[in-house]
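Q: Residues per chain are reported as follows:
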Amino acid sequence: MEKRVTLNNRVLPYLLLAPQLAVTLVFFIWPAAQALYQSLLRQDPFGLKTTFVGFANFEKLFTDPLYLSSLYLTLGFSFSVTAISMGSALVLAIMADRVVKGAQGYKTLIIWPYAVAPAVAGALWWLMFNPTVGVLAYVLRGVGYDWNHYINGTDAFILVVIAAAWKQISYNFLFFLAGLQSIPRALVEAAAIDGAGPVRRFWTIILPLLSPTSFFLLVVNVTYAFFDTFGVIHATTTGGPGQSTTILVYKVFADGFLALDLGSSAAQSVLLMLIVVALTVVQFRFVERRVHY
Amino acid sequence: MSDNSAKSAMVENRPWLDALAHGVLILGAAMVLFPLWIAFVASTLDGSSLINSIVPLLPGDRFLENYTTALSAGSKAAGGVPVGLMLTNSLIMALVITIGKIAISLTSAYAIVYFRFPLRMTCFWMIFITLMLPVEVRILPTFEVVADFGLLNSYTGLTLPLIASATATFLFRQFFLTVPDELLEAARIDGAGPLRFFRDILLPLSRTNIAALFVILFIYGWNQYLWPLLITTDEQYYTVVMGLQRMLAVPDSEPQWHLVMATSLLALLPPVAVVVAMQRLFVKGLVETEK
Amino acid sequence: MAEITLQAVEKTYAGGFKAVHGVSLEVPDGAFCVLVGPSGCGKSTLLRMVAGLEYVTAGTVAIGGRPVNDLEPGQRDIAMVFQNYALYPHMSVYDNMAYGLRNRRVPKAEIERKVRDAAEILNLGEMLDRKPRQLSGGQRQRVAMGRAIVRSPQVFLFDEPLSNLDAKLRVQMRVEIKRLQRRLGVTSLYVTHDQVEAMTLSDVLVVMNAGRVEQIGSPQEIYARPASRFVATFIGSPSMNLIRGVVTDGGRLALSGTEIDAAPGLSARAGQTVEIGLRPEDMRIAPHDGPGTLPFRLEFREDLGATELLHGTIAGEAATLHLPAGSALHRTETLSLIVAPEKLHLFDPQTGLRLG
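Chains as they are written, first to last, in the numbering used here: chain W, 1 to 293; chain F, 294 to 584; chain B, 585 to 940.
If you are wondering where the hints come from, they were derived from the structure by calculation, not from laboratory data.
Owing to the predicted nature of the structure, the values given are computational and were not obtained by experimental measurement.
Glycine included, C-beta positions come from ideal geometry on N, C-alpha and C.
Hints should not be assumed to be uniformly reliable.
[To be verified] Derived DSBU-like pairs (lysine-lysine); straight-line CA-CA distance at most 35 Å:
#1 B:Lys762 <-> B:Lys927
#2 W:Lys3 <-> B:Lys698
#3 B:Lys927 <-> F:Lys577
#4 F:Lys577 <-> W:Lys3
#5 W:Lys101 <-> F:Lys577
[What the hints assert, rightly or not] On the chain F side, residues computed to face chain B include the following (Cβ under 7 Å):
#6 Asp441
#7 Ala479
#8 Arg481
#9 Ile482
#10 Asp483
#11 Gly484
#12 Ile494
#13 Glu583
Make the full structure from the sequences, and use the hints.
A: In structure tokens form, the structure reads like this:
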């Protein structure tokens, strides 16, 4: 963890660290401290006076039905995105692990969405589901479902889930594939000799050995769904219709920038920070067993 | 991985499973590629044909026309910001962020690993904390700070706040810890001071890591959305990913889909090209930064 | 003049562990000095203090009469060969050797000349463009030495340079190193745990144990008159046998029922228990059994071709004999041994120090 041999300059290390520390202090730590402080204040309706109100903003949040519904919505969103993207990625990875020919080609074809910005992903699916010109909306109408995400909250929710999950499949695919390929062949062969067919082998050998990777991806996916999907929402549904796609991270933005409710937005920021901290702690503490590639 | 790729000596030879695997993979790839295809088709159609009818499955004939319009004039309904300008801004932003992050993280990791000085661990934890402070959780205050510095609507404002990266620093730190101690000792005996050692020995050895990180960070920088959205109100500084949103969010009318899709494709092309062309480095970068 | 002088040098680490206790040592100009001892005895620490890679807690280190305690390694005009070679992996052999000279702003033409000269001495001429990973262990070791030679320093430092080589290569390189040092005449300080290297390479041999110097001298002196039980058993392979005995009134040594002659000038008192040191190669088979001989009970033998090792016991304590092949041909269980009194080494059982 540490170097045995080190250099002994006095000033140089500080100079080397200065750029990063400067940016960190000015643009990370200070604003975070500001958010913490502002979450304890409330502005009066005319924006003239601010008073210290302790945890009142937080109490208000927890009794605000809009905030709570956003919270549940985010949980549902995160669950759906994680389940869909991890599930499909696992299936694809298992298949890719089996094939010899063309594996590299499939890999290339499947991993490129990682490079697509969430907002762009949103735009692509926004078109596909567009009630007037979208291919998928047309197909759904064909089977009797009148899709319209401008009006129907559930449709909008489904749309953003799909857009967010679509983008994340590639990331999960890569890690699942690497995890599968790191399972020693000998174990699978021994199980086959012991009479286990492919399905049984999968459930009893492969899946358990994949669990460190799975757990790691779970944490990453949840973090992604909570925070990196802002672009998907903002570029397409802007939280609507109504509040049906207002996830927490979008709400912070909407309340802060659009509605200018500083205290509430700051309090929401603080709560989000706590969630990040919890997720990071989980990631570093429990996902210690790194899968070696 | 050495004996795992010897699939020729299969556990069982069940050809139907292989066929199934290929089938699933082709289906999967198709589903992944489908939105891209539709977008491409839409971007080659005549604008008026997109108002009322479904996007067909085969491309149209307006490829050159649409892309030229997008690049030079943008979407009129959305204020007509030329996509060419936005692409340039995105490129500048992505490159500055990438190069900046790499440079700063290299020096910070060097300081933390190779030197002993008071507050060393404090600095380490300070950098670590930034992992837990994505932009989304400190939107307003960060905006205020940037505004106070007068950095709104500027390249500096677009890039500077995003230049400190804990992931890159930790990656380099991890790598430096694996460099044998004797190299430093030999270099000292060869009369190299700390900076010379850094330049002549450590940097060349870090080449692959730097390249892998370049791919990851370029994608990150190019795809920045919330931050450019917040701090640019002057069209001169719009980036393509946020500019796309403006094209979509036209009030009271349908977006000009052909131009929007052309822009989408232009927006995703550079990062996707980088990933595909440098796939190995990309995968290495992903894997290394998650350790 | 590039002599190395150490005066009461100590090293204490941050946690309180004292690795080196007050070592004083003088290596004459041009001499080859070997520091030998078991792992953890402080020899590497001492070397690194001379190199400037470790701070000296107390005492002075001087090179060529100049105290160097406060000088950076790069300022001490030394060169070092590391156990793991420490070659810069991304540089060619040429660049590896040239690096130190470039840092000192030596003109390009001169660098070229020095590198090629060193490459010729070490037979590296064809490898100058290759990278370290394309070389074998022995070749890498030579590049490491080339890097040292090229700088024409006042002092060469070697940190167990042969440990990573296979046995045969080790013998070859040992000879090369010795030849090289003789030819160049540079003062050298060499660390090893291998006592064969220590004996063959050194002009001055320093035996260390637990941070202290046990003995300093020429290899012959140390072999013939080890100053302590530790040195006696460390130098010489197979190691010296130690048998307990008692000094008799008549100035002889009594052990397990026999008495043997001791060397004149014995400084032990009568009745004193001593440890008698007998080198396996110093004992001979007695022409006759009887008084004055040592009874040896043979357990098994190892045939080394030209010689053989006989393992057994003397006076109940384990002992080994090293005799020419076929010496004990017809003996199966017991032998009688004689040993010249000058070849007896006596040690105090408590202090381990040499007596007389």
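Q: Of the numbered hints stated previously, which ones are contradicted by the structure, given in increasing order?
A: 3, 6, 13
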